[in-house]
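Protein chains in written order, with my numbering: chain A, 29 to 1011; chain B, 10 to 432; chain C, 39 to 136.
Heads up, none of these hints are tricks.
Some, not all, of what chain B presents toward chain A, calculated at C-beta under 7 Å:
| no. | residue |
| --- | --- |
| 1 | Gln32 |
| 2 | Met149 |
| 3 | Pro277 |
Simulated crosslink set (DSS-like; lysine-lysine; CA at most 27 Å straight-line):
| no. | chain 1 | residue 1 | chain 2 | residue 2 |
| --- | --- | --- | --- | --- |
| 4 | B | Lys302 | A | Lys181 |
| 5 | A | Lys763 | A | Lys898 |
| 6 | B | Lys429 | A | Lys619 |
| 7 | B | Lys302 | A | Lys529 |
| 8 | A | Lys80 | B | Lys27 |
| 9 | A | Lys587 | A | Lys453 |
| 10 | B | Lys262 | B | Lys365 |
| 11 | C | Lys72 | A | Lys746 |
| 12 | A | Lys892 | A | Lys703 |
| 13 | A | Lys177 | B | Lys164 |
| 14 | C | Lys72 | A | Lys892 |
| 15 | C | Lys72 | B | Lys262 |
| 16 | A | Lys53 | A | Lys36 |
| 17 | B | Lys365 | B | Lys429 |
| 18 | B | Lys39 | A | Lys587 |
| 19 | A | Lys763 | A | Lys897 |
| 20 | A | Lys177 | B | Lys279 |
| 21 | B | Lys74 | B | Lys39 |
| 22 | C | Lys72 | A | Lys898 |
| 23 | A | Lys177 | A | Lys80 |
If you're looking for bench data, these hints aren't it; they were derived computationally from the structure. We put the CB at the ideal spot given by N, CA and C, even for glycine.
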Amino acid sequence: MTARRLDKGGRIDRSAPVDFTWDGKTLSGYAGDTLASALMANGERVLGRSFKYHRSRGIMSAGVEESGAIVTVGEGARREPNVKATVQELYGGLCASGQNSWPNVRFDLGAVSGLFSRFFAAGFYYKTFMGLPPFEWGHGTGLWMQYEKLIRKAAGMGTASREPDPDCYDHVHAFCDVLVVGSGPAGLQAALTAAQAGRDVLLVEQDFELGGDYLNDPGAEMQRLELINAVKGAGVRVMIRTTAFGLYDHGVAGLLEKVTDHLANLDPQMPRQRFWTVRAGATILATGALERSFAFENNDHPGVMTAAAARVYLNRYGILPGQKIVISTTNDSVYAAAAELAAAGADVIVADFREEAGVGLPDGVTILNGVAPLKVLGRSGVKRVDLAKHTNGSWVPAGKETCDLLLVSGGWSPVVNLSSHRGAKPVWNASQACFLPGTTSEPIFHAGSSAGIWDREDCEVAGQRAARQAIGENKKSSQPGGWKTPIRPLYEVRLPNQQTKAFVDFQHDVTGDDVRLANQEGFVSVEHLKRYTTLGMATDQGKMGNIIGLALMADALGKDIPDVGTTRFRPPYTPVAIGALAGRNVAAHFKPLRRTPLHDWNLRHGATMTEAGLWHRPWYFARNGEGIDEAYVREAATVRKSVGICDVSSLGKIAVQGPDAAEFLNRVYSNGFAKLPVGKARYGIMLRDDGMVMDDGTTWRLADTEFLTTTTTTNAGKVMVRFEELLQTRWPDLKVHVSSVSDQWAGVSIAGPKSRETIAACLEHGADISNEALPFMGVSRVTLSGGVEALIARISFSGELAYELYVQAGYGDAMMDLLWHAAETRGGCLYGLEALGTLRIEKGHVTGAELDGRVTIDDTGLGKMASTKKPFIGSSLRQRPELLREDRPQLVGIFPKDRSQRFKGGSLLCDADTVTGFGEGWVTGVTHSPALGHWIGIGYISGGAEAWKERPAVAADPVRSGNVDVEIVSPHMFDPTGERMHG
Amino acid sequence: MTRFSAWSVFWNGITGQKGWGRQWRDPEPKPHYDIVIVGGGLHGLATAYYLAANHGLKNIAVLEKGWLGGGNAGRNTTIVRSNYARPGNREFYEHSLKLWENLSHELNYNVMFSQRSHIALLHSPGAIDAAARNYNTMRMTGTPDAEIWDLAALKRAVPHLNYSDTARFPIMGAAVQKRAGTARHDAVAWGYARGADAHGVDILQQCEVQGIARDGDSVSTLETSRGSIRAGKVAFAVAGNTSRLWNMAGLGKLPIESHKLQAFVSEPLKPLLDQVVVFGIGGAHFYMSQSDKGGMVFGGDLDWYKSYAQRGNLPIVQDVSEAAMSILPCLGRVKLLRHWSGLVDMSMDGTHFICKTPLANLYLNAGWNYGGFKATPASGWYFADLIANDRPHDRIRNYDLKRFERGLQIDERGAGPDPKLHG
Amino acid sequence: MIRIPCPFCGTRDHSEFTYGGDGTIEYPALDAPKEDWHDAVFLRDNVCGMQLETWHHVHGCRMWLLVERDTLTHEIHSVRPAHPGLAAMFETDQEAGE
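Produce the entire structure from the sequences given, and follow the hints as far as they go.
Rendered as structure tokens:
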């Protein structure tokens, strides 16, 4: 191929030369070029290497179907592998390089694999690499994994950057009445018609210019411009560089808009790409058709490309892609290109496989009828093509032509991918030798060549008709399609019984012989063919090769093409950057971060935060140089000695209101709530329908018909949903309203012997929270100094005299300032989750680690709480036999036998004689107890503490710290009678 | 059957690939089989293979309505692991892993089981403890390769993850199973099919069961698209379509819901990630590996709503991409090549069924949730054992349909009786 | 994306909702025998085709809805509030409107 840039012509801007680099070499092109056209104009031929045999590959097309010119663009963190040079716009400073090759694409040592290609038939890797050659001796996976390392290195295509992508991506949501995909003759007319009928129309075009096929015809430029003006004038929203990559349920389309991929100077304010989710009332697919090749020997050589591509390079980019050109065709579509190439100065021979040329002979073009290419010769370019003709059922050689470019048109494949995403099964049309769009009951309409309509005026009319269908004015489209002179289908040229390298899928190096081998081995359905040979699984997703493969399989089976099957296309139509699909929800913004109203206050006072679901909660408050271990032990000790303050705002809070509120809670909780007096709180455990523990928390009766229910932090959302479900679907007769008030309150726990006096110091003068006024589990309303209203409940998770104090979220800081001042002067502290854990483990109180969705209320030792007087959610299924077994693991406390030893959460509890198997239980939490002076744990063990009184146990942790001898004790390890909290 | 080996590949290379025959026959259905397995997916084919290979049984057919291995066999993320902790599951999946380790040799078909390690990232001390409990259980029940890694070890093994302190969920460590990894899913289906066929099993493709005739409390005849087939014993292994067949047999309800699970693959890349990496926190659930061809393979949550449609929707595509970027931020410019969806039969506790049924000669293999691919060898092994001996092996006695009545829920996640939560 | 016409909020993406489950299940009385509860909690028809199911508009009005949807095509046939009282109000409204 001796391509050269012509002095005039094309849509490039010759006043704007652009420098770029290719494999380190600086080259020049023009604004308006693609990377492929610029490389072609610079005489670059070998741009890529194939997947398996590392064969030289050049430019094969001018669009998204490209299988040869696949390159890497950009450097460092912006390196993008596997870019189709045919759709990459050129810009100043663009830096591109070859890939899948070493040292470079022009001279690739990997090409030696081609020497062994006779052994690398389809699926050969399933038959070897298992053991020691030649007979696969051995067992296990050891040898395979050695082979695998080599295979992985040889496979793959481009190399991804190892650095985080520095660009950002946006998500956009949109609505429209009609979405038109494609801006060719059909698409522009469809958009115009729908918009003129008053519809809100969105027109998307993957190219950087509107017009589709108009762009390849200089004579149609005026018509194109007028139509675009009309479309814009009619109010159509027009997007270029935007690919509709997938259609989804209920009229939803996914679009990818490339915003900066064509720019030399990046605007840091702009996203690189935008991912659009569009909800369309109707969708018109004017997605065009792709020209395909057929199989013959060396049909993959640089210098072989589609005929339509040559026309694009000539008319859009002002490049004459060859000097002596042979055009092989099976249909009428190449004649315009032949005439234009001849007019531009090339010698053109059309080898029309049909016995009579279909279209008037252009000047300066030689016609050969009834022949097709048999073989291409030339190493890194085309030197000669041998021809053959088909007589009496087989091919015979029929002359040869020297040439530097072979253009091929094996027919056209309508782009039916998007409607196929919706399950519309494409229908084979034998006379047109292509799949036409299938039918669907959804409002999706094909127009133009994507519906098998090849004539431009017919496409325009088809666009208008599709629009009228889409807006409900027309019931049926009866647009005729098809060729004026019939196509003569052709899928492969080869001499009888000859094995050749005739490619069906260029990217994956699938040959016609591979397809026949698949047939020979019984992989006869299209799905098996695809998987066994990898046909159509490459980055072009079989846009060019699938039909050839199907045809060859049909031929091998003696069946018709549709009997082999049609494979369903999967989204995306063209590959989509993962960054774009992720958008802004990455790094620190991957998931929402929930902060309590006291978050900043905590940070100002030295909190180190930890994850708790989506929340950040204070973990510990280190003082001068403390680590976590010193800090939490000090905090826990301080709570037991004087007073500590802990942010508990993340607990779920649900207002349960209405005349039947008490009855509702009575059904939801396993213990009774009907008789809870106003001004009292009660701890409750709720079960799932299956009788397992779902959540726990306290509920405060604020008035006869008003309760405040608290949930665990983790289950706040789940419990709220559950309440709503029960009230709306199961018990609609109950007059109850629930609302989540979790975010409305800032809450703190104040715990320790000095908690009462600490709080009292913060209240308006005269407020009484004495034991008599606010007994254990009492609830009351108080006013803080300065006038802030608060709810106070005397409840204790730590086992100390303790209170929870809630104020409106906005007064959280004010409350904390008051409390902290009072606590600090009493030797108190702030404490975090770690110390909270210490205090509750000492007391044997359960949290999420114990309530893991697999325990019953009896397992936790709280079975006595469950009412026997009333039914409740889960009361029936908790009676199933497995759940009543005596040997179920039950909640226990754990001490190390040698009190100086430490053990870990997640250890298994075993009988000391049999430290193996599943063990008898497990440790859910461990802490260093300042109150007891050693490490303690909480967990479950078969039969509970009673059964282990005299039995030595081991906490086994083979994956981390080994085994520790332990004693199993009651979970109530500190102050078992609860004197302190009642005090 | 031609034995596959480097030698046979070499010999066929120099003799024009002429020596390869069909990998399995395409027989006409016989009017009667002793055992008919409905479902030519991984589990059905494995069952047929082990019935013939382990139990010496003949006259077996596998009925497949489409093409063998055309369902979930090709729609999964190919992960093989045995890091299950519940009694029963533990032994079952470990047995499965052991069968995987020699499967290529057993079947003389390279299923490409790559024991490249399965790494579950951990983000809090509580998560490390919870993982330690499971991995301790593994270590003490015959899985020596269960490990808990600290951050330094993890960074050495998987250098390109997002280890930033400003990540939304900074990584603190990992739970690792070294013998776990990935396999080539299609090869497993084809290898079992070829092996079963070689033992005389008839694999009947394009043979859809359209009706089930009963003779009292047993199945007598299957009406198929290729004619009536009488059967001595009938076994269902049809994943997401179990309820449909169950209905055909007039058996009412099942503890199963069909959901769809999407999978994703990127364009091929030179080696970037050498292990399976799993990420689950903050409501996210994500797993990825790199195929031998170079594509990054991703999976995530169910689409959350019940579905028989084998196509996915965008929200999960976004979720999975977000997770991918959050874990491996260099993937921004790597492009997603395809996404598709499989039909999974989610059970009420996240654990499967391999059991007898109310009909005397009908056996059920179903409810595989997320676990179907890795379970393939053991599923076939134990199902074959059940069918051959008409009694459950001790290890699978709790994989029956009555376990919920007894109060036994084999619930690895503790999610409760809601199928969609067992992802 | 499934688009659900919420009777309260209008048509919205399914990502605003959470799927509940089979809408035909009738939960027995709380004190019903465990066999009845077993069947309600653990057994499903698992319909392939049009099924009645519950959805919760969790990021919207937070109403539970009864949706008739084809589980094979995802086509939605009808949507009404799960709460029978509210559903009746909607029906009355519609009749009044006609």
